[in-house]
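J.: What follows is the residue order along each chain.
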Amino acid sequence: MFSGPSSHTQTVDMVMLYIVGISVILLLGITATMIYFVFKYHRNKGHKPVDIHGNVLLEIIWIAIPTFLVLTMFYFGYMGFAEIRNIPDDALVVKTTARMWAWQFDYANGKQSDTLFVPVNKHIKLEMESADVNHSLYIPAFRIKEDVIAGKVNYLGFKAEEAGIYDIACAEFCGLKHSMMYTAVVALSQDEFDTWLNAAPKDTNTAVTTDSTKVE
Amino acid sequence: MANGTVAVSEKTFYEESTNKYSGILSWLLTTDHKRIGLLYLYTIGGFFLVGVVLGLLMRLELIAPGETIVDAQTYNSLFTLHGVIMIFLFIVPGLPAIFGNFFLPIQLGTNDVAFPRLNLLSWYVYIIGAVLVLISLVLPGGPIDTGWTFYIPYSVRTSTNVSLAIFAAFVLGFSSILTGLNFITTVHRMRAPGMGFFRMPLFIWSLYATAWIQVIATPVIGITILLVILERTFGVGIFDPALGGDPILYQHMFWIYSHPAVYIMILPAMGVVSEILPTFARRTIFGYKAIAYSSLAIAFVGYLVWAHHMFTSGISDTARWIFSLLTFIVALPSGVKVFNWVATLYKGSIDPKPPLLWVLSFIFLFSIGGLTGLVVGSLATDIHLHDTYFVVAHFHYVMFGGTGTIFIAGLYYWFPKMFGRMYNIKWANIAAALYFIAFNMLYFPKFILGYMGMPRRYFDYLPEFTTLQEISTVGSWLMAITIIIIVTNLIHAGLKGKKASANPWGGVTLEWQTTSPPPLHNFNRHVEVNHEPYDFSQLKELEYDSK
Numbered sequence: 757m758f759s760g761p762s763s764h765t766q767t768v769d770m771v772m773l774y775i776v777g778i779s780v781i782l783l784l785g786i787t788a789t790m791i792y793f794v795f796k797y798h799r800n801k802g803h804k805p806v807d808i809h810g811n812v813l814l815e816i817i818w819i820a821i822p823t824f825l826v827l828t829m830f831y832f833g834y835m836g837f838a839e840i841r842n843i844p845d846d847a848l849v850v851k852t853t854a855r856m857w858a859w860q861f862d863y864a865n866g867k868q869s870d871t872l873f874v875p876v877n878k879h880i881k882l883e884m885e886s887a888d889v890n891h892s893l894y895i896p897a898f899r900i901k902e903d904v905i906a907g908k909v910n911y912l913g914f915k916a917e918e919a920g921i922y923d924i925a926c927a928e929f930c931g932l933k934h935s936m937m938y939t940a941v942v943a944l945s946q947d948e949f950d951t952w953l954n955a956a957p958k959d960t961n962t963a964v965t966t967d968s969t970k971v972e
Numbered sequence: 014m015a016n017g018t019v020a021v022s023e024k025t026f027y028e029e030s031t032n033k034y035s036g037i038l039s040w041l042l043t044t045d046h047k048r049i050g051l052l053y054l055y056t057i058g059g060f061f062l063v064g065v066v067l068g069l070l071m072r073l074e075l076i077a078p079g080e081t082i083v084d085a086q087t088y089n090s091l092f093t094l095h096g097v098i099m100i101f102l103f104i105v106p107g108l109p110a111i112f113g114n115f116f117l118p119i120q121l122g123t124n125d126v127a128f129p130r131l132n133l134l135s136w137y138v139y140i141i142g143a144v145l146v147l148i149s150l151v152l153p154g155g156p157i158d159t160g161w162t163f164y165i166p167y168s169v170r171t172s173t174n175v176s177l178a179i180f181a182a183f184v185l186g187f188s189s190i191l192t193g194l195n196f197i198t199t200v201h202r203m204r205a206p207g208m209g210f211f212r213m214p215l216f217i218w219s220l221y222a223t224a225w226i227q228v229i230a231t232p233v234i235g236i237t238i239l240l241v242i243l244e245r246t247f248g249v250g251i252f253d254p255a256l257g258g259d260p261i262l263y264q265h266m267f268w269i270y271s272h273p274a275v276y277i278m279i280l281p282a283m284g285v286v287s288e289i290l291p292t293f294a295r296r297t298i299f300g301y302k303a304i305a306y307s308s309l310a311i312a313f314v315g316y317l318v319w320a321h322h323m324f325t326s327g328i329s330d331t332a333r334w335i336f337s338l339l340t341f342i343v344a345l346p347s348g349v350k351v352f353n354w355v356a357t358l359y360k361g362s363i364d365p366k367p368p369l370l371w372v373l374s375f376i377f378l379f380s381i382g383g384l385t386g387l388v389v390g391s392l393a394t395d396i397h398l399h400d401t402y403f404v405v406a407h408f409h410y411v412m413f414g415g416t417g418t419i420f421i422a423g424l425y426y427w428f429p430k431m432f433g434r435m436y437n438i439k440w441a442n443i444a445a446a447l448y449f450i451a452f453n454m455l456y457f458p459k460f461i462l463g464y465m466g467m468p469r470r471y472f473d474y475l476p477e478f479t480t481l482q483e484i485s486t487v488g489s490w491l492m493a494i495t496i497i498i499i500v501t502n503l504i505h506a507g508l509k510g511k512k513a514s515a516n517p518w519g520g521v522t523l524e525w526q527t528t529s530p531p532p533l534h535n536f537n538r539h540v541e542v543n544h545e546p547y548d549f550s551q552l553k554e555l556e557y558d559s560k
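Note that the protein sequences, when read in sequence, are chains P and G.
Using the numbering used here, the letters of the first sequence map in sequence onto residues 757 to 972.
Using the numbering used here, the letters of the second sequence map in sequence onto residues 14 to 560.
A portion of the hints provided could be inaccurate.
[What the hints assert, rightly or not] With a cut-off of at most 27 Å between alpha-carbon atoms, the simulated BS3-like pairs for lysine-lysine come out as follows: (1) P:Lys804 / G:Lys553; (2) G:Lys366 / G:Lys512; (3) G:Lys512 / G:Lys439; (4) G:Lys302 / P:Lys804; (5) G:Lys366 / P:Lys796.
[Unchecked claim] According to the in silico footprint, chain P covers these stretches of chain G (three or more CB under 8 Å from chain P): (6) 368-378; (7) 396-402; (8) 439-446.
To be clear, the hints were calculated from the coordinates, so they are not data collected in a lab.
Since the model is a prediction, treat every value here as computed from it, not as a measurement.
A virtual CB, placed ideally from N, CA and C, is assigned to each residue, including glycine.
In isolation and in its complexed conformation, chain P is listed as follows:
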């Protein structure tokens, strides 16, 4: 759970573990108490029921402690979120276009791809636009997503820390082939990435050839 392809993966998993951990303790406490009472005060045992109308101290306790707990959850959640929103200025910008039902990634040198290639250990900023309806770019391995909203530029930042190939899914319903709108993010070492970025595409149609002439 705590080794992931990006440091953000670990952040999210830690926040998740914190909230789920407290939740499991609360759930077990509630359930165990409930079951204990049902057996202890079962009618067959012939207890005379006692009318207890409430207890102000208890009400204060079970408002105050949960309030404290949820505020800490909010805080950790916010800090984890802020981490992916602070994208340094030198981040590699990739223009991302979503359409029914494919992804397109454009690099500054004109290189175009349907798969997202990125160098490891470098901040990436996806500037995302939709050509038709809403989509959502979701990389489960990095624990990130952001909707791609028609008529609006949304951005998503991340940094891959381990080379590898990770799924990209569409997470906002977009029609017939929504569930097939998968592609991948390929994290390469900086050298490999540079080689890829500057290589001419295999299928040399004119438009792309023109683009590749821009490369030094």
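Assemble chain G onto chain P, guided by the hints.
T.: Structure of chain G alone, referenced to chain P:
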């Protein structure tokens, strides 16, 4: 309670009607809140079963990757209709329209709601809305395929029958508003002498809080739907960016209703829990005022958290943290309720009859639903889990594990009162156990699937998700068997069950102080209240059948 007044009539509301007709017309033209409640029970119950069948078909399709029984377009319509039917035709009207109609006047010690004819009208409005949904399925263009959230621009561009289906939701909204108005007025104006607000049963408090949300929030979805229809018909350009509109504006307007609507769905269920627990623990509720006020707190704060459905939509980071914080705050009153419910079992005399078994199930399932709400309320984790199966699991635990479970609990609690007959307790116990197993098998795997990264509304999926999908599908079959047992038991009881006494459980709220089923005007005597709602010292005076 004034006791011992001479009984005026032995006839039940089944034998005496509010109009001069007999047979089916005496039902279709009735203004008796009890008969209207039953009309709702049959129609809403019917649509619930339709929604269940759609859900079973979805689960069957998902038993293996790729196409199994339906194609992608059909699957997209299936999950949309499952959502539309379950939300607009079952869970929003469900508890208020059925149990609220039947028991709100009785629990208040009065003979009907404030506006009986309006009450009948809201049933007809419901029926019109339901018929429109059905018509939208068969017209050319095909069934709606947008998901129940109808997000723009997809819902403007798809060629399926979106306009008619959402117009149905618009119509259904009026049914909801009218019921809400009726309940608010009834609570304010028609309480029996001696029944102050703090002598009202907690079910009434929850219906009262719900009614305010229905009246205030529902018009927002009405306006939104009309705008979408205008957009589709005339290309006005309010939401679709291709026409100069803003799709985020649509999401705001949709959730400004649809988040409070979540509390329309759950609050009445919380009220039923607060009725069943004291009866089977035979002691007063713990923290009456805390539970009553927490209903109002939920109703109020519930208005202010809508944008937590939009944490990944590109709203500003400021908006995201504000709505995240408010979302955590709205969790607190629900927590207060759970703690008070558990404390109500303390030093009681607990008789775990079927309605209580379902309530205990509810506390467990609803707690999971609520606690996983914290996971998706937190920003870092929601960015990962938004629009995945984790969210699907979360809201099924809240809506089905919460409201659905209590719908069954309420049926099993009030059935003897409504129909004057008792069901088979042994089979009810078996069903309660099966329900708990089936439910967790059906929905728990979805939490793991979501964490693993499976997005929702997927016709097809990656091979690594197969095992968990299979477990979930098998759980759906077990759930189907359970529902068949539950329904069969009740239908059999309705036709051939043993006669139920006026007070089979030993309850003390007013519905247990009249015959089963009640007479046309609910009580054959003058009702006056001089007790708090859950004062079991009255039990000695009441006719109570301990078998």
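J.: None of the hints should be skipped; say for each whether it holds.
T.: Cross-check of the supplied hints:
1. Straight-line distance between C-alpha atoms of Lys804 of chain P and Lys553 of chain G comes to about 14 Å, which keeps the hinted pair within the 27 Å bound.
2. Between Lys366 of chain G and Lys512 of chain G the CA atoms are separated by roughly 18 Å; this keeps the pair inside 27 Å, and the hint holds.
3. Annotation: proposed proximity of Lys512 of chain G to Lys439 of chain G holds, straight-line Cα distance about 17 Å (limit 27 Å).
4. About 24 Å separates the Cα atoms of Lys302 of chain G and Lys804 of chain P, which keeps this hinted pair within 27 Å; it holds.
5. Our distance criterion of 27 Å between C-alpha atoms is met by Lys366 of chain G and Lys796 of chain P, whose separation comes to about 16 Å.
6. Only when three residues or more bring their CB closer than 8 Å to a CB of chain P does the claim for the stretch 368-378 of chain G stand; here the count is 3, and the claim holds.
7. Beta-carbon proximity to chain P at under 8 Å applies to 5 residues in the stretch 396-402 of chain G; the threshold of 3 is reached and the given coverage holds.
8. Given a C-beta distance limit of less than 8 Å, the hint that chain P covers the stretch 439-446 of chain G is violated, as 0 residues qualify and 3 are needed.
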